[in-house]
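Going down the list, the protein sequences come from chains A and B.
In terms of this note's numbering, the first sequence opens at residue 54 and continues consecutively.
In terms of this note's numbering, the second sequence opens at residue 54 and continues consecutively.
Hints are computed from structural coordinates only; laboratory data are not their basis.
Treat the numbers as computed from the prediction; the structure is a model and nothing was measured.
Quick reminder that beta carbons are idealized off the backbone N, C-alpha and C, glycines included.
Keep in mind that the hints are not guaranteed to be accurate.
Unchecked claim - From the derived model, a few chain A residues whose C-beta atoms are all more than 10 Å from chain B:
#1 Asn55
#2 Ala137
#3 Thr142
#4 Arg188
#5 Ala258
#6 Lys314
#7 Pro414
As the list claims (entries may be wrong) - Examples of chain A residues lying across from chain B (beta carbon under 10 Å, computed):
#8 Asp77
#9 Thr79
#10 His282
#11 His286
#12 Gly310
#13 Pro373
Residues per chain, in single letters:
Number of protein chains: 2
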Amino acid sequence: MNVSGQPYRTIWPAADGSSVEIIDQTQLPHAFAIARLTSLDDTAHAIRAMLVRGAPLIGATAAWGVWLALCRDATDSGLAHAHATLLATRPTAVNLRWALDRVRAHVGTLAPAARAGAARRLAVEICDEDVALNRGIATTGLPLIQAIAARKKPGERVNILTHCNAGWLATVDVGTATAPIYAAHDAGVPVHVWVDETRPRNQGASLTAWELLNHGVPHTVIADNAGGHLMQHGQVDLVIVGTDRTTANGDVCNKIGTYLKALAAHDTGVPFYVAAPSPSIDWTLRDGRREIPIEERPPREVTHLAGRLPDGTIATVALPPEGSPAANPAFDVTPARLVTGLITERGLCAANADALQKLFPER
Amino acid sequence: MNVSGQPYRTIWPAADGSSVEIIDQTQLPHAFAIARLTSLDDTAHAIRAMLVRGAPLIGATAAWGVWLALCRDATDSGLAHAHATLLATRPTAVNLRWALDRVRAHVGTLAPAARAGAARRLAVEICDEDVALNRGIATTGLPLIQAIAARKKPGERVNILTHCNAGWLATVDVGTATAPIYAAHDAGVPVHVWVDETRPRNQGASLTAWELLNHGVPHTVIADNAGGHLMQHGQVDLVIVGTDRTTANGDVCNKIGTYLKALAAHDTGVPFYVAAPSPSIDWTLRDGRREIPIEERPPREVTHLAGRLPDGTIATVALPPEGSPAANPAFDVTPARLVTGLITERGLCAANADALQKLFPER
Chain A
54 MNVSGQPYRT IWPAADGSSV EIIDQTQLPH AFAIARLTSL DDTAHAIRAM
104 LVRGAPLIGA TAAWGVWLAL CRDATDSGLA HAHATLLATR PTAVNLRWAL
154 DRVRAHVGTL APAARAGAAR RLAVEICDED VALNRGIATT GLPLIQAIAA
204 RKKPGERVNI LTHCNAGWLA TVDVGTATAP IYAAHDAGVP VHVWVDETRP
254 RNQGASLTAW ELLNHGVPHT VIADNAGGHL MQHGQVDLVI VGTDRTTANG
304 DVCNKIGTYL KALAAHDTGV PFYVAAPSPS IDWTLRDGRR EIPIEERPPR
354 EVTHLAGRLP DGTIATVALP PEGSPAANPA FDVTPARLVT GLITERGLCA
404 ANADALQKLF PER
Chain B
54 MNVSGQPYRT IWPAADGSSV EIIDQTQLPH AFAIARLTSL DDTAHAIRAM
104 LVRGAPLIGA TAAWGVWLAL CRDATDSGLA HAHATLLATR PTAVNLRWAL
154 DRVRAHVGTL APAARAGAAR RLAVEICDED VALNRGIATT GLPLIQAIAA
204 RKKPGERVNI LTHCNAGWLA TVDVGTATAP IYAAHDAGVP VHVWVDETRP
254 RNQGASLTAW ELLNHGVPHT VIADNAGGHL MQHGQVDLVI VGTDRTTANG
304 DVCNKIGTYL KALAAHDTGV PFYVAAPSPS IDWTLRDGRR EIPIEERPPR
354 EVTHLAGRLP DGTIATVALP PEGSPAANPA FDVTPARLVT GLITERGLCA
404 ANADALQKLF PER
């Protein structure tokens, strides 16, 4: 997508041929900064410290990380070490394992000398595939928005609520939850997005708002507490969120708080859609709440918060009194029964095992 | 309650005999500061700018404000002006109108020379009554916590989730939602409180955490997004929240986001209680969602946030990119069907018109 008129992806091979560049998302929306990854350790740090985040982008970054690792050590043990190191960075998103397993399976059978080159080609392929998947999600999701627009009076906006950032910054490009939104906006459908700020890391206020602002999509930032009230008062036409891991029966693990919005949508009759590219589906699981590991992140992300001072510099401030502990579970699971539909690259899919099996018969 | 070992209320007549002192809650938890109100305008500002907040405390402060106004102008028009000015400060909590109407009815029939003195005595009475009501809520609510404790293994804590601040800082003293919690803690029941930080103004992280820390009650601050997940995983035994206005049929208007927690409690089978002193009940309303005016507060409360810098000074930082608008509805309505019970000063009450009528037959 464009940043100040120039097209960007979130990750790309650097011109030097031996490193990878990323947008450092910890600095958004206050600064647009590019960071360079030159090693496995750089890559693991970038994922763990959330310079890159978002399930699809985590997967893509991990693929590049294996390449960087193999450039230095292409032995079996080097490959195993890269796989293990990157897999341990974050526990919840399934795309990470999906990408790592795919690269390992592909290059593991090759002679060590051929491995780095093959990993590089596969990383390029995984990135391009991600963009293609997201374009597929746009194609699947656009008619949902158009159908609502068709029922509106001329000039009335379609109000879409989203949680966290499942935008182009969470992927290689285009985004998942935002893909149908950008497609609708670009097609001239008047859309307006309610952006959950998404505490504690504020990915909504920091990243989704920044994306939408850059692309010119009308939006309003709200506290995470506000969405239920807006739904009760007819201010939300549909919800679209992303997913970090979707089980084979349609349970959706996504950013903490997603479950609360799904409950409110269900209670108020607002459609609740999940943009779910197939790499986010974990075909081995059938009960999200019991089976998906939920990452516990540092309490400091709840108690401390970075923002822009009036003079433009960035500062971190503490909210609670010193001495009050905090807890920080990063994801929750929305049961399939609360999901109106999964927006996949192959089409719209009911959130249940039969429908998923039918749409992905090769699984 | 005690602050550093010294007992305080949130509001009291100053020693000079002509002003009122309050705890300036906008400075908590970073500084404990006392502010002085000397006039009607001071009082209206203190309510509007939330130096005092919480439905019961707003009512009590308004009563003192009428006294301050009548000290300068005790004519009929002075009384009418004080009533109108204070009533316009905040729209949602019904205690404000309740207190103002009560003072006006009481002093309006007196000769002007007698009005200020009578208003002062009534303000004292309203404050003492508030404390008594809250002690009644403690008596009603304590057995609910004790019953859960009795089912636990020895040493296991009762986990209570609360939203916003309905603690002693929201009242004259003791608190509403916290009244049973303090009573349980003081009675030796091991309790632990999940404190919703309560965006956008962070009354949970700032005020509830500060209260509980000062009183020694174990607690953990969480993002507002986390409560549903904790309930799904058996980490919450009951929810207790306050109310800014309860309708005659048991709908509860409280801080934005309360509805989301009520939905999660309902979905996971966690009891959801509302501490509802009778002055918070609006007997004229029967449909909270349609009838209760919801205050829209400044968007800046969402986009900007004050906290403590590492050097201890207080700074305000901005979160979203410049140019992204925000919206800030301050309350939402939880339908009576999601409320397990109302904890009133007269006893536990089902959230429906019949039960409320039976408990308050004089209405």
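Do the hints match the structure? See the list:
1. Asn55: Correct as stated: the minimum Cβ-Cβ distance to chain B is 15 Å, above 10 Å.
2. Ala137: holds (28 Å)
3. Thr142: The assertion about A/Thr142 holds, with a minimum of 22 Å to chain B.
4. Arg188: Correct as stated: the minimum Cβ-Cβ distance to chain B is 26 Å, above 10 Å.
5. Ala258: About 4 Å separates A/Ala258 from the closest Cβ of chain B, which leaves it inside 10 Å; violated.
6. Lys314: violated (8 Å)
7. Pro414: holds (32 Å)
8. Asp77: At about 16 Å, which exceeds the 10 Å cut-off, the nearest Cβ of chain B leaves the hint on A/Asp77 violated.
9. Thr79: Given a least distance of 14 Å, the restraint on A/Thr79 is violated.
10. His282: The hint holds - A/His282 has a Cβ within 10 Å of chain B, the shortest such distance being about 4 Å.
11. His286: holds (8 Å)
12. Gly310: holds (3 Å)
13. Pro373: Cβ of A/Pro373 sits 4 Å from chain B, so the hint holds.
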